[in-house]
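Engineer: The listed protein sequences derive, respectively, from chains Y and C.
The opening position of the first sequence corresponds to residue 19 in the working numbering, with each subsequent residue numbered one higher.
The opening position of the second sequence corresponds to residue 19 in the working numbering, with each subsequent residue numbered one higher.
This list has only true hints and no planted wrong ones.
No copy labels: a pair is met if it fits in one copy or bridges any two.
Derived pair list, reagent style DMTMM-like, types lysine to aspartate or glutamate, alpha-carbon separation capped at 25 Å:
| id | residue 1 | residue 2 |
| --- | --- | --- |
| 1 | Lys143 | Asp116 |
| 2 | Lys269 | Asp136 |
| 3 | Lys365 | Asp296 |
| 4 | Lys143 | Glu123 |
| 5 | Lys429 | Glu193 |
| 6 | Lys365 | Asp148 |
| 7 | Lys39 | Asp335 |
| 8 | Lys452 | Glu360 |
| 9 | Lys245 | Asp49 |
| 10 | Lys143 | Asp338 |
| 11 | Lys143 | Asp254 |
| 12 | Lys93 | Glu179 |
| 13 | Lys245 | Asp51 |
| 14 | Lys173 | Asp342 |
Hints in this document: simulated from the structure, not taken from any laboratory.
Next come the chains, spelled out residue by residue.
2 protein chains.
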Amino acid sequence: MSNVTIKHLNASDANFSQQLKDLLAWDESDDLDIQQRVLAILADVRSNGDAAVINYTNRFDHRAIADASELELPKATLQAAWENLPAEQAHALQTAADRVRTYAEHQKIASWQYEEADGTVLGQKITPLDSVGLYVPGGKAAYPSSVLMNAIPAKVAGVGELIMVVPTPNGETNELVLAAAYIAGVDRAFSIGGAQAVAALAYGTATIPAVAKIVGPGNIYVATAKKLVFGQVGIDMIAGPSEILVICDGKTNPDWIAMDLFSQAEHDENAQAILISDDGDFLAAVEQSIHTLLPTMERADIIRASLSTRGALIKVDNLDVATDVANVIAPEHLELSVADPEALCAKIRHAGAIFMGRYTAEALGDYCAGPNHVLPTSSTARFSSPLGVYDFQKRTSLINCSAAGADSLGKIASVLARGESLTAHARSAEYRIK
Amino acid sequence: MSNVTIKHLNASDANFSQQLKDLLAWDESDDLDIQQRVLAILADVRSNGDAAVINYTNRFDHRAIADASELELPKATLQAAWENLPAEQAHALQTAADRVRTYAEHQKIASWQYEEADGTVLGQKITPLDSVGLYVPGGKAAYPSSVLMNAIPAKVAGVGELIMVVPTPNGETNELVLAAAYIAGVDRAFSIGGAQAVAALAYGTATIPAVAKIVGPGNIYVATAKKLVFGQVGIDMIAGPSEILVICDGKTNPDWIAMDLFSQAEHDENAQAILISDDGDFLAAVEQSIHTLLPTMERADIIRASLSTRGALIKVDNLDVATDVANVIAPEHLELSVADPEALCAKIRHAGAIFMGRYTAEALGDYCAGPNHVLPTSSTARFSSPLGVYDFQKRTSLINCSAAGADSLGKIASVLARGESLTAHARSAEYRIK
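This is chain Y alone, in the form it adopts within the complex (with noise of 0.2 Å):
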């Protein structure tokens, strides 16, 4: 017996909408206590650069670094991972990295300009970031596919200099991390992680450059120091647990459907796993196919966790009603695993990413379809969007206007900065009209 036990649901019900908000509910409250740790090693690695990032690399990573030199990872070292690495992971890796390459590529924006009767240009240009820094996670979560994820696009979008930390907590790297690193094109790398890898991409140490955009994910210590140099530099998200919502019109193999229930549901405890159904046969079968596979997997008390107090099977009277209840949840991953997938996408208006038909398991755009695996959670899918080139490139306005622009345009803005007492705006508009 798999002792899952999860919850039903009818969107029917009167009380539908509460239920469902309560399912919903994720509160990362921010921890006071931990802020204050964290805004400590921030001003000490402000102040001290490489005496306190070592400091903290030792005492957190239970490392023995006695000069600044030792925190960084040569090209050599990744080299090496890449080229140790057995064939069937080597040919996988590249695959996917070729993959989300491509994809990327599409997602450059590029600059733009027009002329006006008059003369006058106006337009925007968009530029790479000049350098990007890349968190990835030690120990557990060290996973090559976000190194992949993240440091692609930036690549693709031009970014100058790319330095990844990483934590290696008792000196222990993680060869595929350093190999998924070289074939992204990491341009450096060095063995730190926590608060203090985050200031010192912030603020710069004589070892470790400065940035102009910090990516990738970590744990709250990691976040709440993203959060807190926002500002001195730009961040990605700050994501919440993962989610995957599926919605299927009962005609595809119940065992598949668990499975992709699952393949979420194994990231963490607080991970939401949600199931969308107009069968009610079907919603049961694949009930019974989560009974009879929880047992078979490696991470079954994760799963069961997850499944049990954040997953969820939802009946519906029809696939119309269904896309009601994801655009409600705007969930980070969402399976159309019906007959006419774009029948129901077009119905979609807030998702990370869309899997759409019986074929397309939520896994494969984890790993290689191209798509990034980066995407927003906790419902933010409402207001933005899955990591992408365009957040390594940015945009500046262009305005050059010709005499007769200036003048026509001077008139205009010296009666709206008048309106606005702002006298020296309209002064310095109106030296330049004729």
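We have chain Y already, so just place chain C on it with the hints.
Structural biologist: For chain C alone, coordinates are given in the frame of chain Y:
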């Protein structure tokens, strides 16, 4: 005598880098006391809705609101403000709105997809945000131009509902702001402000709808509230003091350049206006213009304070050095008041907006040139962009695997997932292998 003393720097000085760093230093340290007060307001509005909003509004804005229905500014009030505007202001506002809209149309991002040889389809779907909240400050910082700049890109993106909040201390409305809201297409408006308005937009009340993203400038309470609700909703950038950097070859009228510097300095005492030139005599001439013109300015005290504490005249050996300095500053506004602005522009990597040529006063961009006047400040142009249509659109990745695609990708995903010890991921992919 104008009583202004402006710093002189020379880029050839040995310690110029440090001098420049000191000049740019701007530490908006988070005030924990303000944070606590804002947190209390957010929690109160989240729990008590309209009642809390009314309470704070009556207290802070000296209102006597008895019923939540009084919070809304009816559409007819906005329309009346527009219809009662003097013709010259109405024409200027309409012209500016039209130009901002035309430029914004160029920024729209579009969905795309491509099909691979085995029938797998990958793509990116673009959707607008459902709803956006626009914060507009009351009192002296109430700028109708700011309403246009924030509202129009949202409507061009296709945002369904655009909700403006604007405090009306003592019940006094700003007719230009209401008129701008009307022609910019604001859907609903509420006469509330401060942290309580941000909370209402983030969490929703019985009267005020929750939105997906909140944009627009505000005081420290508003900025703090926006930071704290980020995650629940999206937010735009947090703006620092306004800045202008002018690079001039010495051939522009010194009075023009002095007034361009004034036009940012008049915003606030912390605004920053810097001039760089390779012509020492020209720097002296502009300084003389500053002395001569300052006493004639309505906001002379603010300009004097700004130029004295944060302004600078920087001598460089040649204009290439000027672009190097500009890339360190990463200014919000950059004027290239030179004979060949295109040549210099090509060397600029970081700036919010570039104003090219002697006729392009920065003030034209503030009101009516077309590009947005909401721009990255405090060197954040190193990693961020002007506000634009793209801030009101979001991306969803699309993956639709053919049976053949699921087979070949499944094999890759299986190897990588097993390398990460994520067996459910692997098995989910393996089910789809033929």
